[in-house]
Amino acid sequence: MDRVSKAEKLPFRLEGIDHILLLVSGMKPAARFYTEVLGCTVEGELPQYGMLQLRAGMALIDLVDIAVPEASWAKPPVAGGRNFDHLCLALGAYDEAELRRHLARHGVEIIEEGVHGGSRGESLSLYVRDPSGNVIELKGPPPV
Amino acid sequence: MSSAPFTIKGLDHIVLRVRDRDRMVRFYCGILGCTLEREQAEIGLTQVRAGHSLIDLVPVDGKLGRMGGAAPGNEGRNLDHFCITLDGYDEGRIRAYLTAQGVEIGEAGSRYGAEGEGPSLYVSDPEGNVVELKGPPWIA
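Respectively, the protein sequence lines represent chains A and B. So that you can map any letter, position 95 of the first sequence is 79 in the working numbering, and since no number is skipped, the others follow by simple counting. So that you can map any letter, position 72 of the second sequence is 399 in the working numbering, and since no number is skipped, the others follow by simple counting.
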């Protein structure tokens, strides 16, 4: 039964997604994309693990560069597999024309767009790719 | 410095590519306590709520899933793991509960997350995705 939630006897309650460890190939272009284009800030550097921790609002995005030997611990045995389709970032209110100009200025292509549902309701979603091909959905709050 | 004309508030949702939708729903809803938020069978999308975030399950043989290319192999991945924040963390009770549910528990430890350093443990979902369950930071 899908609808059965056993929340009443669970020894915990879920609050939300805290962080995600994304595999990238090449840290420099990835770091540039997440900081300069998306505005994440560097929270911690762990070169000994091939990792960069970025803050994305109340969450973290950890990038792991599987192109370097330090990240061999995270390197999948098979290249090119995708166990996740995309990641959606919740944005604060923004000016759509300005956002489009910003992405264009950085040479970031919008590969798909549409009004889709998210955790806060329906709103415009713009889909872009990071330099390693991971798909990122940019989503503002639902219109008031 | 970024000149981005927006601010990121957090992670809204992640989309997992799955082979067995029912089995995954049983794990995320039946065991972890996510709630079924929305189902769009015609495009192959099941959305479950994990607190303020959503986890979307997209069967690789559905309409959306096929657009995402070939099915993920057991060993191919582009996501190492993701972490869900819990509102309380009694490791003994969590372990007893997960064990009773037949969930294999990986390494427990003190790890850094978005709210700071705190206790966490790793579990695997039925398709091998690693999910970190993390309690509040040691010092709130």
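It should be emphasised that the hints constitute simulated quantities derived from the structure, not laboratory data. Be aware that a few hints might be false.
[As the list claims (entries may be wrong)] Below, simulated DSBU-like cross-link-like pairs (lysine-lysine); rule was C-alpha separation at most 35 Å, straight line: (1) B:Lys390 with A:Lys59; (2) B:Lys336 with A:Lys(-7); (3) B:Lys336 with B:Lys390; (4) A:Lys59 with B:Lys336; (5) A:Lys12 with A:Lys59.
Note that the structure is a prediction, hence the values are computed from the model and not measured.
Verification of the supplied hints:
{"no.": "1", "hint": "B:Lys390 with A:Lys59", "verdict": "holds, 29 Å"}
{"no.": "2", "hint": "B:Lys336 with A:Lys(-7)", "verdict": "holds, 31 Å"}
{"no.": "3", "hint": "B:Lys336 with B:Lys390", "verdict": "holds, 30 Å"}
{"no.": "4", "hint": "A:Lys59 with B:Lys336", "verdict": "holds, 29 Å"}
{"no.": "5", "hint": "A:Lys12 with A:Lys59", "verdict": "holds, 18 Å"}
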